[in-house]
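Go by the hints and put chains B and C onto chain A.
Heads up: the protein sequence lines correspond to chains A, B and C, in order.
Using this note's numbering, read the first sequence as starting at 72 and increasing by one per residue.
Using this note's numbering, read the second sequence as starting at 72 and increasing by one per residue.
Using this note's numbering, read the third sequence as starting at 72 and increasing by one per residue.
Warning: the hint list may mix true and false statements.
[As the list claims (entries may be wrong)] Calculated pairs, DSS-like style, for lysine-lysine (alpha carbon to alpha carbon, straight line, at most 27 angstroms): (1) B:267 with B:99; (2) A:267 with C:267; (3) C:182 with B:99; (4) A:99 with B:267.
[Stated by the list, open to error] What follows is a list of derived Cβ distance ranges for each label pair: (5) B:214 with C:189: 28 to 36 angstroms; (6) A:272 with C:162: 39 to 47 angstroms; (7) C:162 with B:159: 46 to 54 angstroms; (8) B:141 with A:247: 42 to 50 angstroms; (9) B:145 with C:162: 51 to 59 angstroms; (10) A:161 with C:189: 29 to 37 angstroms; (11) B:213 with A:127: 29 to 37 angstroms; (12) A:245 with B:185: 46 to 54 angstroms; (13) B:240 with A:237: 46 to 54 angstroms; (14) B:213 with C:141: 46 to 54 angstroms; (15) B:145 with C:244: 31 to 39 angstroms; (16) A:137 with B:99: 37 to 45 angstroms; (17) A:76 with B:148: 54 to 62 angstroms.
The set of hints was computed from the structure by calculation and includes no laboratory data.
Using N, Cα and C, we set each Cβ at its ideal position, and we do this for glycine too.
Here is how the chains run, residue by residue.
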Amino acid sequence: MQIQTLLVALDLIGTFVFALSGAVAGVKHQLDIFGVLVLSFAAATAGGLTRDLLIGAVPPAAISNLPYIIVPVLAGLVVFWAPGIVRRLRHAVVLFDAAGLALFEVSGTQKALTFDFNPLAAVLLGVLTGIGGGIVRDMLVNEVPTVLRRELYAVAGLAGAAVVVLGDWLRLPPAPVAAAAALLCFGLRLVAIWRKWHLPIAEPPPPSNP
Amino acid sequence: MQIQTLLVALDLIGTFVFALSGAVAGVKHQLDIFGVLVLSFAAATAGGLTRDLLIGAVPPAAISNLPYIIVPVLAGLVVFWAPGIVRRLRHAVVLFDAAGLALFEVSGTQKALTFDFNPLAAVLLGVLTGIGGGIVRDMLVNEVPTVLRRELYAVAGLAGAAVVVLGDWLRLPPAPVAAAAALLCFGLRLVAIWRKWHLPIAEPPPPSNP
Amino acid sequence: MQIQTLLVALDLIGTFVFALSGAVAGVKHQLDIFGVLVLSFAAATAGGLTRDLLIGAVPPAAISNLPYIIVPVLAGLVVFWAPGIVRRLRHAVVLFDAAGLALFEVSGTQKALTFDFNPLAAVLLGVLTGIGGGIVRDMLVNEVPTVLRRELYAVAGLAGAAVVVLGDWLRLPPAPVAAAAALLCFGLRLVAIWRKWHLPIAEPPPPSNP
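The shape of chain A in the complex, shown without the other chains (with noise of 0.2 angstroms):
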């Protein structure tokens, strides 16, 4: 029950940084406060919400529950009244994004699992989660998603729903599972901050490609 508690507070923790991710882009865009709140919102839900599309439940949480619809204006309304509390903040805020991919990973895999998808669904699931609401706040505002082509931030996620996963093939324990694939989805990324580390990125495309 008290893991019930946590892990509820951390998906709102998540969402809320994210949120603050979605309204930072907005202020950058100098969108209307309107706007910046529908991206605090996108950023932190479309991720959930496509998932539940995709898998069937129905209304999704990110509708129905009235904590996932306030976390995201709270988050919107401090980023455009108190921007500088942000920027103050902001290597907190890496931190917090960096935590709220893990935790959208790992509940977004085990969510998946529970509905009984392939282990290579729940993989991509659990991916599209983390990387949904991000790839929205982009979207909205014009820019190819960063997600796609940034460091190691889908990887790190990838790694996170694959340790849920293997967890569940093996028949381990859910709650350490879920901690210990959240800890290396976040470890992995502040890692790769830090390192600067980066995927392969495609070569130019030759002067005569059509």
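What follows is chains B and C alone, placed relative to chain A:
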């Protein structure tokens, strides 16, 4: 019964004017006729489609009911073959667009209440119904959605949706509440255009912003 | 039974070639390998995923069936690690893409008919299955979808979908109808490329356009 017929008629008018806005955007970006029709359809139905997916009303009305397919196609053809008509009627189009927003917000909010969503979620789904089409339309032609950076478009919708939810909470009769909500949204939108009201814009980010 | 196996094989070939088109777009925009794989997967499956969500076929085949996950990943890896192969085979890729379009349109329309949609909705869902992946692919790399402004791509799909619906309405045996529809779509697409047929483009807007 007559009210039901009236509501369907108004909903189809809303569909038509939103489809016009999509087709105009397509012509502006020099799409071919198929592209113009896709934009008509997207602008007219994306909001309602997304709402229906999220609340589990599958298949969405916009797919299973013929008029919701035929009306956007007609609007697209009118704009494509007779753009002069739309230009001459552009003040009427602004009126119709405000009417479409009002109708979509109200019908979207009421539909969400029918599916037993909490009040905040119902407002959210009402606003999504009203603005979703415009967001998808703008994303398809590679623009930051105007609703995220323009005058009181969404706020008019929010006000209308809030009145519907409040009326439901107070157990007032739905028909007059819907009428009042739609009129409030419609009026607020027109006054906002007339007086050039707009929401506060986020302050420009500092140059050192990463 | 053999026809069923053939259809699945053809559907997977369609998935593969659409995934190639996504991966090529990713390489062109210098995404990292994860981004390239996301584009492969999006181009190959977004059309079918959206159709399945709209008709209520949840979870979509593209998520629950392993081959639909593995094939796009393979296509993405091929393009990423051996772009020369794709360049040398680019005429074959055009052929395969036309085949993919034909197969997706036909299977999408048939699936919609199975779910008892009206004929117009079935055509719409068939076209969506054929072009949805390309639209999401282009939106992810921040381009106006080519299908909205190019040669007779969607019209070839429309023709194929219309034949399927007509055959169903006349109660003709499905297998030969599907073959005829796919051949019509495939042939029309190739002739359109060869003769540079294209749809009428919207006339440029007047300078005073608001």
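A quick look at each hint next to the structure:
1. Restraint check: the Cα-Cα separation between residue 267 (chain B) and residue 99 (chain B) comes to about 24 angstroms, which is no more than 27 angstroms; the hinted pair holds.
2. Using a Cα cut-off of 27 angstroms, the hinted pair residue 267 (chain A) and residue 267 (chain C) is violated, with the two alpha carbons roughly 47 angstroms apart.
3. In summary, the hint linking residue 182 (chain C) to residue 99 (chain B) is not supported, as the alpha carbons are separated by about 35 angstroms, beyond the 27 angstroms threshold.
4. Restraint check for residue 99 (chain A) and residue 267 (chain B): the C-alpha separation of about 23 angstroms stays at or below 27 angstroms, so the hint holds.
5. Distance hint check for residue 214 (chain B) and residue 189 (chain C): the Cβ-Cβ separation is about 33 angstroms, which falls inside the suggested range of 28 to 36 angstroms.
6. Restraint check, residue 272 (chain A) to residue 162 (chain C): a C-beta distance of roughly 27 angstroms breaks the suggested window 39 to 47 angstroms.
7. Roughly 49 angstroms separates the CB atoms of residue 162 (chain C) and residue 159 (chain B), a value that falls within the hinted 46 to 54 angstroms.
8. Checked against the given bound of 42 to 50 angstroms, the beta carbons of residue 141 (chain B) and residue 247 (chain A), roughly 57 angstroms apart, lie outside it.
9. Between residue 145 (chain B) and residue 162 (chain C) the C-beta distance comes to about 40 angstroms, which lies outside the given range of 51 to 59 angstroms.
10. The hint said 29 to 37 angstroms for the Cβ distance between residue 161 (chain A) and residue 189 (chain C), and at roughly 54 angstroms that hint is violated.
11. The given range of 29 to 37 angstroms is respected by residue 213 (chain B) and residue 127 (chain A), whose C-beta atoms sit roughly 32 angstroms from each other.
12. Residue 245 (chain A) and residue 185 (chain B) have their C-beta atoms about 37 angstroms apart, which leaves the hinted 46 to 54 angstroms range violated.
13. Distance hint check: the CB atoms of residue 240 (chain B) and residue 237 (chain A) are about 48 angstroms apart, consistent with the given range 46 to 54 angstroms.
14. Against the hinted window of 46 to 54 angstroms, the Cβ-Cβ separation of residue 213 (chain B) and residue 141 (chain C) comes to about 32 angstroms, which falls outside the hint.
15. Taking the beta carbon of each, residue 145 (chain B) and residue 244 (chain C) are about 35 angstroms apart, inside 31 to 39 angstroms as hinted.
16. Separation of residue 137 (chain A) from residue 99 (chain B) is about 40 angstroms and conforms to the stated range, judged on CB atoms against 37 to 45 angstroms.
17. For the hinted restraint 54 to 62 angstroms between residue 76 (chain A) and residue 148 (chain B), the CB-CB distance of approximately 57 angstroms keeps it satisfied.
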